[in-house]
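Undergrad: The lines below spell out each chain.
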Amino acid sequence: MTAFNYPDSFDVIVIGAGHAGCEAALAAARLGAGTLLITQDLDAIGMMSCNPSIGGVGKGQLVRELDALGGEMAKIADFSMLNCHMLNMSKGAAVRSPRAQCDKKMYQFAMKHVLERQPNLRVIQDEAAQILEKGGKAAGVQTARNTRYRSGAVILTAGTFLRGVIHIGLDSFPGGRYNHPPSNLLSKSLSALGLKLGRLKTGTPMRLNGRSIDFSKCERQETDSPPIPLSHFTGEIKNPQLPCWITRTGAATAEIIKAGLHLSPLYSGKIKSTGPRYCPSIEDKVVKFPHHGAHHLFLEPEGFNTAEYYVNGLSTSLPEEVQVEIVRSVAGLEKAEIMRAAYAIEYDYSDPRQLDYTLEARALPGLYLAGQVNGTTGYEEAAGQGVVAGINAALKVSGRGPLILRRDEGYIGVMIDDLVSKGVDEPYRIFTSRAEYRLLLRSDNADLRLAPHGFALGLLDPALRENFEAYRTAAEVLLSGGKPQRLPPGPWTLEKAHATAAIDKDYAVYIERNRREAEKMKKLEHLRIPENFSYAKAKALSNEARHKLEKHRPLTLAQAGRIPGVTPADVQLLWILLGKREKNDD
Amino acid sequence: MKLPETSDTIAAQSTPPGAGALAVIRISGPAAFSAASSFLSPFPRDPGHAAARLLSVMDGGALVDRAVVVFYRGPASYTGDDTVEISCHGSPYIIRTILNLAVKSGVRPAEPGEFTLRSFLNGKMDLAQAEAVGELIASASAGAHRAAIAQAEGGLSAEVRGIRAALVGLLAELEARLDDSYEEIPALEMRSFARLASASRKKALSLASGFEAGRGIREGLKVVITGAPNSGKSSLLNALLGYDRAMVSRRAGTTRDTLEAALDIDGFSVLFTDTAGLNARAASPLEREGIKRAEKAIARADAVVLVKDASINETPGDRRAEKETARLALKGARLIRVLNKSDLPAKKGRSAAGCLEVSAKTGKGLPGLKAALVAEQKKVFRDGAQAVVTSARHFAALSAAAGELAGLEAVIRKSPPPLELAAEHLRGALEALASLLGETTPEEVLSSIFKNFCIGK
Chain A
1 MTAFNYPDSF DVIVIGAGHA GCEAALAAAR LGAGTLLITQ DLDAIGMMSC NPSIGGVGKG
61 QLVRELDALG GEMAKIADFS MLNCHMLNMS KGAAVRSPRA QCDKKMYQFA MKHVLERQPN
121 LRVIQDEAAQ ILEKGGKAAG VQTARNTRYR SGAVILTAGT FLRGVIHIGL DSFPGGRYNH
181 PPSNLLSKSL SALGLKLGRL KTGTPMRLNG RSIDFSKCER QETDSPPIPL SHFTGEIKNP
241 QLPCWITRTG AATAEIIKAG LHLSPLYSGK IKSTGPRYCP SIEDKVVKFP HHGAHHLFLE
301 PEGFNTAEYY VNGLSTSLPE EVQVEIVRSV AGLEKAEIMR AAYAIEYDYS DPRQLDYTLE
361 ARALPGLYLA GQVNGTTGYE EAAGQGVVAG INAALKVSGR GPLILRRDEG YIGVMIDDLV
421 SKGVDEPYRI FTSRAEYRLL LRSDNADLRL APHGFALGLL DPALRENFEA YRTAAEVLLS
481 GGKPQRLPPG PWTLEKAHAT AAIDKDYAVY IERNRREAEK MKKLEHLRIP ENFSYAKAKA
541 LSNEARHKLE KHRPLTLAQA GRIPGVTPAD VQLLWILLGK REKNDD
Chain B
1001 MKLPETSDTI AAQSTPPGAG ALAVIRISGP AAFSAASSFL SPFPRDPGHA AARLLSVMDG
1061 GALVDRAVVV FYRGPASYTG DDTVEISCHG SPYIIRTILN LAVKSGVRPA EPGEFTLRSF
1121 LNGKMDLAQA EAVGELIASA SAGAHRAAIA QAEGGLSAEV RGIRAALVGL LAELEARLDD
1181 SYEEIPALEM RSFARLASAS RKKALSLASG FEAGRGIREG LKVVITGAPN SGKSSLLNAL
1241 LGYDRAMVSR RAGTTRDTLE AALDIDGFSV LFTDTAGLNA RAASPLEREG IKRAEKAIAR
1301 ADAVVLVKDA SINETPGDRR AEKETARLAL KGARLIRVLN KSDLPAKKGR SAAGCLEVSA
1361 KTGKGLPGLK AALVAEQKKV FRDGAQAVVT SARHFAALSA AAGELAGLEA VIRKSPPPLE
1421 LAAEHLRGAL EALASLLGET TPEEVLSSIF KNFCIGK
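Each protein sequence line maps, in turn, to chains A and B.
Quick note on our numbering: the first sequence kicks off at 1 and runs consecutively.
Quick note on our numbering: the second sequence kicks off at 1001 and runs consecutively.
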């Protein structure tokens, strides 16, 4: 079959329309880049393949940051919200985090509609098969139908699709998600381009028919009243709200699982790759914590127009017959009908240490990777990377400087730095404990931190800028004990300024300390280490440090310091050598 | 990573550690003058640049020493920052006390090579010197690291590690709850949490005061003499010291315990430890205990002198001693091979390559051995390096950790306790200990969480 050279060329092509891909495509198009989004299945755009919720501790902050950068996730989560909860209310202001339960299909099709209406963005259904290269740079994409699309940049957001294999019990078959074929060709293409791939594992629990659940035996979990939106721009949530339900496993459940362990691909050794410690399967929980009599399960509605319930906490790769037994051993689920079986999935990921802070592959300029393909887990983590990749790809093709978020600016910055500096050995989830400047990175000030970038790039509505600037001033005035002026109408209100200023005031001493440390680090963030820097000549480095530095080739001096095994003394030494070099270059 | 601050005020001894008659303590940074004013009396109202004065060093009301103090105003100083140089008497007690006084007035003990780094960053150094500075920092920091793990004796190191482990555990308790998206971990039992925090604080404080008084620390270069039984280790020690510290006999295994003795070599204090021979087949429990002690000493040494008998062929005992030493010694510790009994006719086939030939009996080769022992130290000090006063480092780190823990105890008394602020203090305490024991990474805390809590969906 001869290739069809598509007549139009693009600035940016995005492969994959999951949470990373959608945000990447929107950001690129909104920055003026002619963008093409290629997806295997138009009806799977923005699909919530696992749980029906957006947000959570750390994740909630991340979604608000995304929103301040003009991302779509928070708005659509609000639009499709059916239950919400502000977490950690009693533990302190910096860790308060919003979480929403969403109608999955509403979310997905609202996202599809946003993409379809977006100027500069075309969406087509085909399978990307190969990333094209020309002159050492990414130059386009060839599809499985043999169409060639040319572009200045390519963003790969392949999720769990690269050589995906699904496991249910000892049975396994190829798949990127249940009922969707994997992308085996793209894996090959990445390897051919010199990217190092590894293998990870994750899983999803079964879905039950709510009609068959005895809710009278479960504990009811109401939504917060009034519901608190995730987005800065939503205003009031108008959807009716549904409850979630809590039940728990018992001794009988544990017995069933223990008896079935030999049928688990995890315990029989069939799956060798690592799963996330934060999303353990129920068999993991029972084996690792044998003395826990009960494990909580959360029954979460998947939508307004479906009876399907997501069984949060019952992720498993045991065979279907054992799944039925497990479910029926739980209070309230004695007669429950499984509509979709739980499964585990193994897939290729690309080692994120091969990326720059812009998420561009260092081996192939113009190729960006974002989302689960970089070894993360979670919709929010994926979307956060998507927006950064989309922005930077568009900036680069138009010859503008990059957007790099620092660790003191947002969880997005923390996550990307963790990924590119340390890599992953399990699917990476954001935690607030990963943030050394935690008190600066709050859900209430995500706008103050990142909306200035959003406005400067043109990703936020310029008509709101005056409102935002007045809000920012008001928050500062309030913090210093003054009386703020009235704000022009808009989403940012004096009431919100009062709330944020009150936290800043309460935590002033601690926040100051966080700031001081961040300032110190900033100096080193700006010290870029040249790609061709010779560590071999830095004789005074310890062998261990030299080995690590040669392997990682850190981008900045700050990043060098964050590589495990590199000591402050090594950093000082590099500092001197870089200083020397700089002077030599003058 | 806790980065070295480049704009605070630091202090260190800038003369070699040891029994020199005089020592110089250098305080440098923006607060150098005000810190010095808290313990120097009468403090001049307007200390002129590069002017020397004779002042009293006061610890509260007590006179510590009379010292010559020179004030330098930045940028016309070694580092480029305001600097105070105190020339005091060289007794370890006086040096330690002055450093502790500086620490109490808010000064931080300098990291190895830090004065030089500042001098470099302030543009006081030409390009040719830069590389040398790098090597200096590398070797000095390796030495400080060795000192931190090796010089605290009698299980003190283990106690500091114990505090760190307890703090990581407490932090994991907090972080698990802060990152609990499903609010399923039972609430923290504040009373027992507070009790544990308080116990750690008290322990840190009591250790700090011990280090302040110089207890448990023997500053100086640690040299262990080891080798196969009857290779003449004890004779060598006696010859180096110039008096009979160790009992010597022709019978192998005469030295059963480790013996220690200090010697001043060119102004460097060198602590020798003579050990029982590393004879693995040692019969008696007493001998086995001696070997255990020898192994421990080697594991903490800055340098190991491996003694072999030049008058006989290399024995399996020699080879075993060499292998054992390589296995036990710290990374970066120096190994000096010595062929003893070189007054006797050398055995044919005994190669002297890479060895120093000495005779404990005639004194031949001893000056060379002494010079070799302090050669590296000398190199480090040539370029304005400072001594690592281990006790001062420990005092500063443990006091800072105790201060953070006091802050922790104060915030958790509030109701409801702001757990995230409690975590800030715990992170601060662990950072303070990082200079002794290395950093605590988020991964370490997460591992502790996942080990102890069944969380996540």
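Worth flagging that the hints you see were computed from the coordinates, not collected in a lab.
Each residue gets a CB set at the ideal place from its N, CA and C atoms; glycine is no exception.
Errors might be hidden in some of the hints.
Claimed, not checked - What follows is a set of in silico ranges between Cβ atoms, one per label pair, in the way DEER data are often shown:
(1) Phe304(A) <-> Glu1439(B): 43 to 51 Å
(2) Pro564(A) <-> Ala1371(B): 34 to 42 Å
(3) Asp1008(B) <-> Arg362(A): 43 to 51 Å
(4) Glu1189(B) <-> Arg220(A): 38 to 46 Å
(5) Arg362(A) <-> Ala1353(B): 42 to 50 Å
(6) Phe304(A) <-> Ala1434(B): 48 to 56 Å
(7) Ala1434(B) <-> Arg220(A): 45 to 53 Å
(8) Lys1296(B) <-> Asp351(A): 36 to 44 Å
(9) Gly1169(B) <-> Ala363(A): 39 to 47 Å
Undergrad: Honestly, do arginine 362(A) and alanine 1353(B) meet the 42 to 50 Å range at C-beta?
TA: holds (47 Å)
Undergrad: Should the hint that phenylalanine 304(A) and glutamate 1439(B) are 43 to 51 Å apart at their CB atoms be regarded as holding?
TA: holds (49 Å)
Undergrad: May I ask you to test the hint 48 to 56 Å on the CB atoms belonging to phenylalanine 304(A) and alanine 1434(B)?
TA: holds (52 Å)
Undergrad: Does the Cβ pair alanine 1434(B), arginine 220(A) satisfy 45 to 53 Å?
TA: holds (47 Å)
Undergrad: Look at the Cβ atoms of lysine 1296(B) and aspartate 351(A) and judge whether their distance stays inside 36 to 44 Å.
TA: The hint (36 to 44 Å, Cβ to Cβ) holds, given that lysine 1296(B) and aspartate 351(A) are roughly 42 Å apart.
Undergrad: So the hint says 34 to 42 Å: do the beta-carbon atoms of proline 564(A) and alanine 1371(B) match that?
TA: holds (39 Å)
Undergrad: Kindly confirm whether 38 to 46 Å is satisfied by the beta carbon distance between glutamate 1189(B) and arginine 220(A).
TA: This hint is violated: roughly 28 Å between Cβ atoms.
Undergrad: Does the Cβ-Cβ separation between glycine 1169(B) and alanine 363(A) fall within 39 to 47 Å?
TA: Holds, at about 42 Å.
Undergrad: Please check whether aspartate 1008(B) and arginine 362(A) have a Cβ separation lying inside 43 to 51 Å.
TA: Violated, at about 36 Å.
Hints 3 and 4 from the list above are not met by this structure, while the remaining hints are.
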